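Residue numbers (the numbering used here), protein chains in the order written: chain H, 1 to 398; chain W, 399 to 796; chain Z, 797 to 1170; chain Y, 1171 to 1544.
Think of the hints as simulated: they come from the structure by calculation, not from any bench. As the structure is a prediction and not an experimental result, all values here were calculated from the model. A hint or two may mislead.
To be verified - Quick list of the computed label-pair ranges, beta carbon to beta carbon:
no., chain 1, residue 1, chain 2, residue 2, range
1, Z, 1100, W, 707, 28 to 34 Å
2, Z, 826, H, 380, 21 to 27 Å
3, W, 629, Z, 1068, 30 to 36 Å
4, Y, 1383, W, 423, 46 to 52 Å
5, W, 423, Z, 800, 35 to 41 Å
6, W, 726, Z, 1019, 48 to 54 Å
7, Y, 1383, W, 607, 45 to 51 Å
8, H, 274, Z, 1019, 28 to 34 Å
9, Y, 1204, W, 639, 51 to 57 Å
Built from N, CA and C at the ideal position, the CB exists for glycine as well.
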Amino acid sequence: MDLSFTPEEIAFQNEVRAWMAENFPADLRAKVEAGEKLYKPDLLRWQKILAAKGWIAPAWPVEYGGPGWTPTQRYIYANEMALAGAQDLPAFGLKMVGPVIYTYGNEAQKAHFLPRILSGEDWWCQGYSEPGSGSDLASLKTKAVSDGDDYIVNGAKIWTTGAHDSDWIFCLVRTDDTGKKQDGISFLLIDMKTPGIEVSPIIIINGDHTVNQVFFTDVRVPKKNLIGKENEGWTYAKFLLVNERNGIAQVGHKKHTLRRIRKLASATDMNGGRLADQPGYQTRLAETEVALMALEYSELRFLSGQKTDHAPGTEANMMKVAATQLQQSMSELFIEIAGYYSFPYDGFRDKKGSNEPPVGPAEAGGAMFDFLYGRASTIYGGSNEIQRDVIAKVLLSI
Amino acid sequence: MDLSFTPEEIAFQNEVRAWMAENFPADLRAKVEAGEKLYKPDLLRWQKILAAKGWIAPAWPVEYGGPGWTPTQRYIYANEMALAGAQDLPAFGLKMVGPVIYTYGNEAQKAHFLPRILSGEDWWCQGYSEPGSGSDLASLKTKAVSDGDDYIVNGAKIWTTGAHDSDWIFCLVRTDDTGKKQDGISFLLIDMKTPGIEVSPIIIINGDHTVNQVFFTDVRVPKKNLIGKENEGWTYAKFLLVNERNGIAQVGHKKHTLRRIRKLASATDMNGGRLADQPGYQTRLAETEVALMALEYSELRFLSGQKTDHAPGTEANMMKVAATQLQQSMSELFIEIAGYYSFPYDGFRDKKGSNEPPVGPAEAGGAMFDFLYGRASTIYGGSNEIQRDVIAKVLLSI
Amino acid sequence: MDLSYSDEQVMLRDSAERFVDANCGADNLRKMRASEEGFSRAYWKQMAELGWLALPFTEDQGGLGGTAVDTNVLMEAFGRGLLLEPFLTTVVMGGGALKAAGGRDDLIGEIIEGNLLLAVAYAEPQARFDLFDVATTARKDGDGWIIDGHKAVVLHGDSADRIIISARTSGDRRDKDGISLFIIDRGAAGLERRAYPTVDGSRAAELFLNSVKVGADALLGDEGMGLAILEKVSDDAITALCAEAVGAMKVLLDTTVEYTKTREQFGQPIAKFQVLRHRMADMMMEYEQAKSMALVAALKVDSADPVERRKAVSGAKVQIGKSGRFVGQQAVQLHGGMGMTDELSVGHYFKRLTMIDILFGNVDHHLKQFSAAA
Amino acid sequence: MDLSYSDEQVMLRDSAERFVDANCGADNLRKMRASEEGFSRAYWKQMAELGWLALPFTEDQGGLGGTAVDTNVLMEAFGRGLLLEPFLTTVVMGGGALKAAGGRDDLIGEIIEGNLLLAVAYAEPQARFDLFDVATTARKDGDGWIIDGHKAVVLHGDSADRIIISARTSGDRRDKDGISLFIIDRGAAGLERRAYPTVDGSRAAELFLNSVKVGADALLGDEGMGLAILEKVSDDAITALCAEAVGAMKVLLDTTVEYTKTREQFGQPIAKFQVLRHRMADMMMEYEQAKSMALVAALKVDSADPVERRKAVSGAKVQIGKSGRFVGQQAVQLHGGMGMTDELSVGHYFKRLTMIDILFGNVDHHLKQFSAAA
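Please build the complete structure, drawing on both the sequences and the hints.
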């Protein structure tokens, strides 16, 4: 049992840190520090920088463009990225459909799609959830009917993050509805420019446009865009969900956020002193930091191959619950910093082209924005209730 | 809407307060203030004093020995009793079987039992729970078979508080097992001296002997001791449960306990100051007091005839959950006062006849004793999980 | 002792509920938040006609002599309807300040008529929840005063005809003495405002006072004695907000119960899942405790005993903060993705409860106030 | 970076688990708590033979040179078995104090042989969790010292052959300097003890020192510099207790899962009720987080960086306190009435966890320590 890094790993850490300091654009860094959200143009710019360096897809095999790092290197890289304040790039291409394609796709699919994912030329979104399916993902109803060399797709997807910004969508579709619901699902790649696709924005409670409904009306999809075998899509979907949950704890980002919280709370007046020193706030801050330590070392234990003692295989479920609860309590710490200045809110007016400075301290607006958006974290990706169901199922059956 | 008392009510309050100061024995008061539990001899002495005054059964009709008070007077009385530190007398006779007897019993039963309950001549216990029945009370299996003028009772009861100190037990027994489980239950009064009854103590985690198992082997019970009609005992049992839940909030006692906590915490060193002024403790103390105010005014609202807005009829269930949670958090505040001196513990050695003073401050021993015993409060009388089931059933069906 | 509503209170409640059910709610909010003032002048006029703007004022002042309990009857209905009109700022806070200061029954008359909107500018950027932390200054200028400073997050500070502001006429920034209240016109020279929407769909403004000159008659109450008035205004506002929160929580609970009975997952209504059932039972219990504490605040906010008043009002704010947070957050959670949308009403109630938790001091702040009063 | 156990650690764990499974547990506890010393000398001898008493000492001292992680491997097994023998007080605390003070390897040798039981008397009635709050005094008497005072709740203070006590050789009661450590014999003239059982089924004693005379060789380490040693002893003890608590929690979770699968209510095993299922999922997650933090403490308690050590140890104690409370209380709750009985094991684990939460400072105390280190 050993916490330390080898000299080579320390050298790698220094290399990453130095490169990040040099190459993460200063204007993006400033936005992140001010609690602003980065949208596609900013993210794409950052993606191109990372892609040029060859660091865009740490977990990909070398043959498809990965850097060939060890798990410890990947851990170091993710941590340094986060501590530098670099927001993650959207996972849909790089962490979700990419691995599905290089694991289950054919050579033509690999040759076509993988380089375009790395470069950012193709931006992806995920067609899993449907209106009515909620946490019961396998109950999906979007249908793909065979028609010569094509499928004809009809149905609707919901909560599709970034559909309005995307070139492609990977979809779970039903190709057979005679067996049990997990059977008869296929995994299709669909060009968003195909006629018959309509994207309808969903505005969420923080006023942001992140998610959408996507409607499919007689959408013609070439069969060459089917991943693996027809009716076996649930296998690939589960593979992807497991991938999605890796790194779900986002420990590095949480450390970065906690640093911001501590810094801001130390600069915030209260009761003639500083907010960070008020006993109630100080206690919650300490509790949060302890929870983050527990999350970090739980992740490290699981990365070392340990399983939970009572419900092996549910590590990701546990991390999802712990990480989202922690994220929500951190967003409440932010709200407390902002105080009255968490109220001003122009999320429902068009901000584009506005050069008005924020009302109140720069970080205050982001506080409410993130707090509200963060309420979704215990809902999406399988609500925390579902996660507990899964854990309990394993816990009580072995 | 009016919080104030009439001049007559204020006069009554003063009368009760003055009488309590005069008549609650000083040695019992000292024990209560030191956190010691009162056992039967002490309680019986106090009962005889109250009975002589005519204040022993505030809710009973005048014809059976009640004082004829208004609900507000009863509220004032209960409050003053508690604030004076007077521990409640066991409810089994005075608040449970007594009202059952005067509501559903025949004249002979009333004439025989009621005066003996008031005087303390008969001490009662409650034969409801059975091994295996848990929160599913109606699943009881203790059987009473008709045999001429008698029933022959066979079976076992569990968690029988004070069975070892009792003269009589009121029992739910099964007289018919052909219908649904709530039918076929009868309500029997059984003399504890009847041959075939065996009382077996259960020692609980605080080392105390409070509860027992009671075994019935061919116990012969005269039919004249049946309450109401055969097979209709569930009706009387429910009536009694509702009575049991009235006053379940124990607001007066909690106020008294909170006063003790505040006093002791203000006299306890910590960090070079006082425990009561430590931010963490101070916060929990304030939270507790707020919760107690909420409990008090919820009770007052319900006593004024209001129902809950969303699940009318579940007021007692709600009060049970809130009151027991509060009681448990108050017992944790006590443990914090005691600190290391909550450890010394001789509950498992025979204390009778011991004149040894307690180790550490006098109140410390009681802290752990009450904390451990108090863990039962969310289990007995229908666990808090059952209470929530009941509330949800009403909440979601109307 | 009697904790039931009088017939008059029941009538008032019914009429207010009818009004909000007919006119307000989330649809109205989405419409109004795009408007200039963020509320409806027509509704305000109707509220005046219904006599509601007269409720808390004495009969001498042309009012109805209502108690805090009466105000809470209205506020609970307003909470149920997400009512946007400036009742809290104009009647409870502005009117309350005028009542406490005395001498301006003319303005109270205008409030009652529906002709005067007020805002109270008490907060400052550095002050958080301390009413006495006042950096804005007012210095003597002949008979009148010259005021300089920055007042923060003034609710309805853009639409108010007049604004009551706290300014320091003596002492240091965090002294409790030396604070005075002034009433100034919206058009006063040197008064700049930056107006903006707030997260709950309402509006507020930053006010910048650059050597604003006011006459001697702008002073409300005695010079240097403004803090006691502000504290009363704050306590009355908290009491009213507690009732509003109770109304909002009731809707969230109703909505959640209804939603879970119809929404199906895994082949059954999600209301069948025991975990969600218990969650809703907990929401219901939080609601009832909040309701009890809102009542305590209303019954005791006018108590002569300062400890009793402090414990009741701060205790209620603590309870409302905790209960509102639980009920609001769980309502969103149990609505799943739909609860996150601007389209459903649940998010709007949740956001209002989040704001109420912060207004006039959050849970921490009032736990401390509560402890200090013990 | 590698967070898996070595082969040696796995062997140590297996052997310790076999030992406690064969010898310890609730039945053993009920038997032992009626005995004079509250534990078994025979087991202690076996533990010496197994080499466990040598684990944390250096090879020079005749020990095995084990790390804090190694000690925690043992402690976790001891927690699983409710082991009553004085490993914590003699080896971790007493032995730890001797190691830190230096110069008494002779005594360490005796510990390793199983011939010396130690207790560390650090607490005083007024001191709560402050190690530096020492009213007991030691004044010079020729070459030696005369000690007066009252040491509180000394774990195994009745059976220990020698007792290490903190006493003030200079300064005021709450000064951090001026505390010295002395080792005294159980039979020292003027040493009175009042022994008693503790709530977890173990034993402790109050020690009253009435002009106890000791020689110059009783002083451990440098005069006046005892606090640093006490702090190290306390941190090592906390680290070990965290592991013990993890072992106890594991049993409670196993037991609760097993019980709910067999206990029937309303015609089905109570493990079918979703609310209880989620409760157990939460217990499991608390357990895993506690396990992670116990590991953090073990990995960093010997760190040269005082901030890192403080955060790791206090952070772990906070987590163990919270998790232990939740797991312990819910285990009792889910066992229903049976969980309240002395007969089942669950109550004994619950009581031990309750005591561990308090030992060396509760959650509040360590949150404060944690914040102060930031």
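(message) I want to verify a distance hint. Is the separation of the beta carbons of residue 826 of chain Z and residue 380 of chain H within 21 to 27 Å?
(response) 24 Å, holds
(request) Kindly confirm whether 30 to 36 Å is satisfied by the beta carbon distance between residue 629 of chain W and residue 1068 of chain Z. (result) About 33 Å separates the Cβ atoms of residue 629 of chain W and residue 1068 of chain Z, which means 30 to 36 Å holds.
(request) Please test the hint of 48 to 54 Å on the beta carbon pair from residue 726 of chain W and residue 1019 of chain Z. (result) Since the Cβ atoms of residue 726 of chain W and residue 1019 of chain Z sit about 52 Å apart, the hinted range of 48 to 54 Å holds.
(request) Mind checking the hinted window 46 to 52 Å against the Cβ distance between residue 1383 of chain Y and residue 423 of chain W? (result) Cβ of residue 1383 of chain Y to Cβ of residue 423 of chain W: about 49 Å, so the range 46 to 52 Å holds.
(message) For the hint 51 to 57 Å, verify it against the beta carbon of residue 1204 of chain Y and that of residue 639 of chain W.
(response) 40 Å, violated
(message) Within 45 to 51 Å: is that where the Cβ-Cβ distance between residue 1383 of chain Y and residue 607 of chain W falls?
(response) At roughly 46 Å between Cβ atoms, residue 607 of chain W and residue 1383 of chain Y fall inside 45 to 51 Å, so the hint holds.
(request) Starting from the hint 28 to 34 Å, judge whether the C-beta atoms of residue 1100 of chain Z and residue 707 of chain W obey it. (result) For residue 1100 of chain Z and residue 707 of chain W the Cβ distance comes to about 32 Å; the hint holds.
(request) Please test the hint of 35 to 41 Å on the beta carbon pair from residue 423 of chain W and residue 800 of chain Z. (result) 40 Å, holds
(message) Tell me if the beta carbons of residue 274 of chain H and residue 1019 of chain Z are separated by a distance inside 28 to 34 Å.
(response) 33 Å, holds
Violated hint for the displayed structure: number 9, the only one.
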